[in-house]
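Following the hints, position chain Z against chain R.
Here are the chains, one letter per residue:
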Amino acid sequence: MAADTFRISRRRALSLAGVSAAAGVGAGVAAGRSAPDASAVPADPAALKYPFYGEHQAGITTPAQDRLHFAVFDVDDIPREELISLLQDWTIAAARMSQGGSAGEFAPDAGPYEAPPEDTGEAMDLGPTGLTITFGFGPTLFTAADGTDRFGIADRRPRALVDLPRFSGDMLDERISGGDLCIQACADDPQVAVHAIRNLSRIAFGRASLRYSQLGFGRTSSTSTAQVTPRNLFGFKDGTANLKAEDPAAVDEHVWVADSDDQAWMAGGSYLVSRKIRMNIEPWDRTRLSEQERAIGRTKGHGAPLSGGDEFTAPDFSMPGSGGKPIIAEQAHVRLAHPDTNGGARMLRRGYNFVDGNDDLGRLNAGLFFLCFQRDPERSFIPVQTRLAGSDLLNEYTRHVGSAIFAVPGGAAEGSYVGARLFES
Amino acid sequence: MITARLPKPAVVAAACGILFVTACTPNASAETAAGGTGELSVTSTAEDCSVSAATAESGPLTFTIRNAGDQVTEFYLLAEDGLRIVSEVENIGPGISRNLVVNATPGSYYTVCKPGMVGDGVGRAAFTVTDSGTAVEPAGDEQAQIDAALTNYKAYVKDQVDQLLTGTEDFAAAYVAGNDDEARRLYPTTRMHFERVEPVAESFGDLDPKLDNREADLAEGEEWTGWHRIEKDLWPPADAGYVPLTQAEREAVAAQLVEDTTTLHSSIQGIELSLDQLANGAIGLMDEVANGKVTGEEEIWSGTDLWDFQGNVEGARVLADGLRNLLESRDPELAATLDADFTSLSAELDKHRTSAPDAAQRDIAYVSYGDLASEDVKALSDRVNALSEPLSRITAALLG
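Respectively, the protein sequence lines represent chains R and Z.
Here the first sequence is numbered in numbering that gives the first Met the number 0, starting from 0 and rising by one per residue.
Here the second sequence is numbered in numbering that gives the first Met the number 0, starting from 0 and rising by one per residue.
Bound conformation, chain R alone (with noise of 0.2 Å):
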């Protein structure tokens, strides 16, 4: 069955690509098997849309767009019927949305006149502009604090969607952590991504509710070679050692859950942890750019590691520089966060720069909104995260204040709903 799913989606995102392709957009992603065709420059850039249904879901191997709205669902005391009809509901919407259409059957300036439009209107004239909606379930979907099974689906919840530990200085607010499901809303438009967030929100009422959300602007990763790599708030390149579309053998070894990966219905889904790092900005932009450097490990201007080379050059950690010392910190981020001090682990990330406002104190209230999505997080984030908690120079500058962990289930079928596998017997 999930095989001929499969085949069937597969077929589907191929033709679903033959038409973007035309369109000059970069396609294949959907399926997470071949490269983007980034050369290929948009007639329309607006025009720029990515196939829903397919083996993975879209929005992680994508190539990161320039704009997230992330959203966290708490999911009301309902029926396991009712969560199943919302998954439904929204994988309609999600799928509609993506390609340019109206949330509900009915244009924003259509339908009944003397009802409220099904869609809200303000994405309309501005094309998908790449939009992409990722559905993940939380660790309290399948098991309440308490220990209920809240929708029968307790056996099912996988070995890898652990409760994260506690990470030496986490500051964490559960106001703004946790959650039962989460939505990611990617696009190259902001409009467009809260357009997608605000009307699933709607779609929800009565059967989930917003816990929290997160806009974030400026891709802090690049997640296909044809992208240049952006900047985070620190001023640095990000995301350069990322693991890349382009890579199928290492993004089916370290992103997508395998069918011999403990439960069967996360075959093509990942692992998504989002963390919210707020920067100290101000002591940060008081520091000496030799300590800058140092702390990061890469030069600011090209993002050369500081044993040489350029941005893509291989760090050489062992390289001694004066003193005796190596050139590259023994706590700089780059060392601790590189997968040869990791044992091979890696991720993909696919953060953003967040800025929501300033705080009382007339500092921004500015950092990364951290997204990664992997195959183990016992394998990927945990053991880095350990390890950059621990000593990383750049914890001076940061602070974790919002945590979370999903099971991002496999793409769905035309016709099916994302995480229909979950519920089937």
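Bear in mind the hints are in silico, worked out from the structure with no lab data behind them.
There may be inaccurate statements among the hints.
Claimed, not checked - Not the full set, but computed from the structure, chain Z residues with beta-carbon under 10 Å of chain R: (1) Gln70; (2) Val71; (3) Gly204; (4) Gly369; (5) Lys377.
The beta-carbon is built from N, C-alpha and C at its ideal position, and this holds for glycine as well.
Below, chain Z without anything else, positioned relative to chain R:
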């Protein structure tokens, strides 16, 4: 107003001939080719050290050194005797460019690169600085001033840690004896000694977390020791089901605190400090204020953040004052700005001081952080930012 406070380039670089010149690299990414006045490019390879020109006019010179070799390299500007280092830049990785800014007086020099960071270097070449007619400030007797600053600061650190140890012993004794009122009086006033020299204490990597970890700093399963563990026991949370420490637990955590403080005390006896550490210590202390004290996150149980705040500011002021003579000759404007900003921050803090100005150390008192209005905290934060910006420029002003 930041630009108004930027030290003038000519003044900034004056120290390069004497001090730790690794910091003379204000712009690591600049790739400007030689050509403009005072701009020179250097290419360092395994065999050679080619400089774009063999002469330059006196005044500020910028060498842009590009490492075209495959080993880490260094670049030196040597004095006429070919031995004394006028200026240098270290740790240039292969393929990386870095700038060296130096304020050169007329005379004969040598340039040399040191790929691999060992040996006498390669490509040694004569370099002549002709008189541009514009006077370059002489360095004067700066080394004597630097030595005095280091000696004075080391004495200050020792004195503070002496008092910290004595105070900690008294605090621990009061706590173990169940004299909690006395312990609560000694807690913030003793910690001020630690806060005044915090960057030095933090330089002993293992000790700082044992002494000063907050509950939020702990990883899962990590043991909590030090000041803040006792703080929570002396100011227990009112609402939740906090379990007070038993007498045996009190004795253990107090003994550990005294033991770790004793270790800190003996560790600092032979401490060596550099001018670089002094200059950065001041801004480090103000970062401590910005990241923890002004937000009330340092002393969440006792609310005694303002004692720590005052300790950090006093420590920063001692550092800045110790460097004042040096700074005065380089950048009098910066020195004056710092004086004014320290004064206005202290005035803001004094508004919340409840003890007399001449109170003994153990009687110093402030209002609890929780009693500050949000506009009070904003005003303090604004003054911290106002002071920290010019303070962060001391290192560049002194070292290049």
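Hints, one by one, checked against the model:
Among the interface hints, the one on glutamine 70 of chain Z holds; its C-beta lies about 9 Å from the nearest C-beta in chain R, closer than the 10 Å criterion. Of the supplied interface hints, the one on valine 71 of chain Z holds, with its beta-carbon coming within about 6 Å of a beta-carbon of chain R, less than 10 Å. Because the beta carbon of glycine 204 of chain Z sits about 9 Å from the nearest beta carbon in chain R, less than 10 Å, this interface hint is met. Because the closest C-beta pair between glycine 369 of chain Z and chain R is about 15 Å apart, greater than 10 Å, the hint is violated.
Against a cut-off of 10 Å between C-beta atoms, the interface hint on lysine 377 of chain Z holds, since the closest Cβ of chain R lies about 6 Å away.
In this structure, the one hint that does not hold is number 4.
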